[in-house]
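Let the hints inform the model, and build the full structure from the sequences given.
There are 2 protein chains.
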Amino acid sequence: MAKLHTNHTNSELYFVTENTGKFREAYEVLSKYGITLRQLSVKRIEIQSENLEEIAKFSAQQLIKQYNLELIVEDAGLFIEALNGFPGPFSSYVYKTIGVAGILKLMEGKTNRAAQFKSVVCYCSPKSKPAIFTGIVKGAISKEPRGLRGFGFDPIFIPEGSDKTFAEMSVEEKNSFSHRAKAFKAFTEYYLKQILKSR
Amino acid sequence: MAKLHTNHTNSELYFVTENTGKFREAYEVLSKYGITLRQLSVKRIEIQSENLEEIAKFSAQQLIKQYNLELIVEDAGLFIEALNGFPGPFSSYVYKTIGVAGILKLMEGKTNRAAQFKSVVCYCSPKSKPAIFTGIVKGAISKEPRGLRGFGFDPIFIPEGSDKTFAEMSVEEKNSFSHRAKAFKAFTEYYLKQILKSR
Chain D
1 MAKLHTNHTN SELYFVTENT GKFREAYEVL SKYGITLRQL SVKRIEIQSE NLEEIAKFSA
61 QQLIKQYNLE LIVEDAGLFI EALNGFPGPF SSYVYKTIGV AGILKLMEGK TNRAAQFKSV
121 VCYCSPKSKP AIFTGIVKGA ISKEPRGLRG FGFDPIFIPE GSDKTFAEMS VEEKNSFSHR
181 AKAFKAFTEY YLKQILKSR
Chain H
1 MAKLHTNHTN SELYFVTENT GKFREAYEVL SKYGITLRQL SVKRIEIQSE NLEEIAKFSA
61 QQLIKQYNLE LIVEDAGLFI EALNGFPGPF SSYVYKTIGV AGILKLMEGK TNRAAQFKSV
121 VCYCSPKSKP AIFTGIVKGA ISKEPRGLRG FGFDPIFIPE GSDKTFAEMS VEEKNSFSHR
181 AKAFKAFTEY YLKQILKSR
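As you go down the protein sequences, you meet chains D and H in turn.
In terms of my numbering, the first sequence opens at residue 1 and continues consecutively.
In terms of my numbering, the second sequence opens at residue 1 and continues consecutively.
No lab work stands behind these hints: they were computed from the structure.
Just to be clear, a hint being listed does not mean it is correct.
Stated by the list, open to error - On the chain D side, residues computed to face chain H include the following (Cβ under 7 Å):
hint	residue
1	R38
2	V42
3	E46
4	I47
5	Q48
6	G85
7	F90
8	S91
9	T97
10	I98
11	G102
12	M107
From the three backbone atoms N, C-alpha and C, an ideal C-beta is built for every residue, glycine too.
Dropping the structure here:
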């Protein structure tokens with residue numbers, strides 16, 4: 001992959017996130033295309049909505065008012081079928097309060113363990129309207145937590161096509177399955193074709 | 001109380017909520033002071049925050065940009081000690097997904113059943129800055145749901161000083177304990193003194 005590491009541009013592209021785990025995953029995807037992603041670790045507004053697209057778009061539009069930058073925000077969530085989509089867009093709050101143990105407790109006795117992680121990336125620049133990219137990975141909730149890597153609910157999510165949880169995988173392996181990598185790949189292809197080519 | 005039912009003003013005061021149960025409780029409080037509250041049932045923006053004051057204030061400020069009205073918004077949540085404050089500001093989403101049964105499942109085996117309901121009212125008008133009023137009621141999570149009145153987590157919340165859950169009480173009885181009635185009373189006293197007197 002080394003020969004792809006050409007820097008296509010001098011422009012600076014920021015991923016607005018306080019979550020270093022998320023940043024690392026996105027950085028890994030974009031670096032394969034020769035793009036260096038930068039982290040802007042500031043608080044941003046997230047609205048309460050069951051629609052990740054709406055959350056990401058609102059957030060990006062607010063940030064563009066504050067920062068004169070090309071930027072990306074991402075919103076993601078774990079949607080568990082037997083729990084009517086819970087914890088969904090509120091996954092990080094749920095992780096901080098009831099945690100992995102709380103989710104496993106809620107899943108006790110449930111035979112349907114189907115779940116999906118969804119990621120929505122919103123790109124915005126001072127010159128362009130927001131553009132949205134989505135990635136989904138289907139999988140199942142494990143019976144107990146396994147693995148120490150990743151973050152959030154990674155220790156209890158097993159993607160289809162693997163026996164490992166996300167927390168048992170390296171960033172590279174997780175990215176071969178993950179919702180976030182899919183959304184960032186879709187974004188990157190758009191960015192190379194639509195944005196960088198037009199400069 | 002009948003003699004208090006004088007209409008102090010011709011101005012129109014709107015409570016922006018889609019929740020009829022909330023509206024009924026607030027209406028009951030304000031009508032005792034002779035103020036007729038009106039309902040404006042429209043969607044409003046709620047940000048994701050652990051701070052109800054921040055959520056209510058942001059929401060009121062957005063609404064004032066859209067509507068040239070005197071208005072109130074309210075944000076409330078159930079904070080359960082043994083669950084690190086969960087479900088907190090996300091109570092209505094949690095109610096819709098895992099529901100009362102989910103909360104009771106998470107509370108299985110917990111000896112600390114302490115919880116509180118908190119309500120934050122934000123008043124805003126085209127002429128004045130947002131003003132915030134808070135009400136809290138302490139209580140406990142019951143072992144099983146009881147009662148059919150109220151809404152949300154009312155069937156599993158027993159306020160201090162009662163043996164009944166909120167869902168076993170009439171609006172008037174619930175208001176003698178409730179977080180929402182306290183916040184609306186505080187608002188009404190301010191409104192009568194600071195706003196109506198100055199007209």
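Hint-by-hint comparison with the structure:
1. Because the closest C-beta pair between D:R38 and chain H is about 24 Å apart, greater than 7 Å, the hint is violated.
2. A hinted interface residue such as D:V42 counts as satisfied when its beta carbon comes closer than 7 Å to some beta carbon of chain H; here the least separation is about 15 Å, so the hint is violated.
3. Interface hint status for D:E46: upheld, as the beta-carbon distance to the closest one in chain H is roughly 4 Å, under 7 Å.
4. Given hint, D:I47 at the interface with chain H, holds; its Cβ is 5 Å from that chain's nearest Cβ, closer than 7 Å.
5. A least Cβ separation of about 4 Å between D:Q48 and chain H falls short of the 7 Å threshold, and the interface hint therefore holds.
6. At a threshold of 7 Å, the smallest CB-CB gap from D:G85 to chain H is about 6 Å, leaving the interface hint in force.
7. Hint status for D:F90: holds, given a least beta-carbon distance of 5 Å to chain H, under 7 Å.
8. Violation of the interface hint for D:S91 is found here, the shortest Cβ-Cβ separation to chain H being roughly 11 Å, above the 7 Å cut-off.
9. Annotation: interface hint on D:T97 holds; nearest CB of chain H at approximately 4 Å, less than 7 Å.
10. Annotation: interface hint on D:I98 holds; nearest CB of chain H at approximately 5 Å, less than 7 Å.
11. Taking 7 Å as the C-beta cut-off, the interface hint given for D:G102 holds, the closest approach to chain H being about 6 Å.
12. The interface hint given for D:M107 is violated, since its Cβ lies 10 Å from the closest Cβ of chain H, which is over the 7 Å cut-off.
Hint violations for this structure: numbers 1, 2, 8, 12, all remaining hints satisfied.
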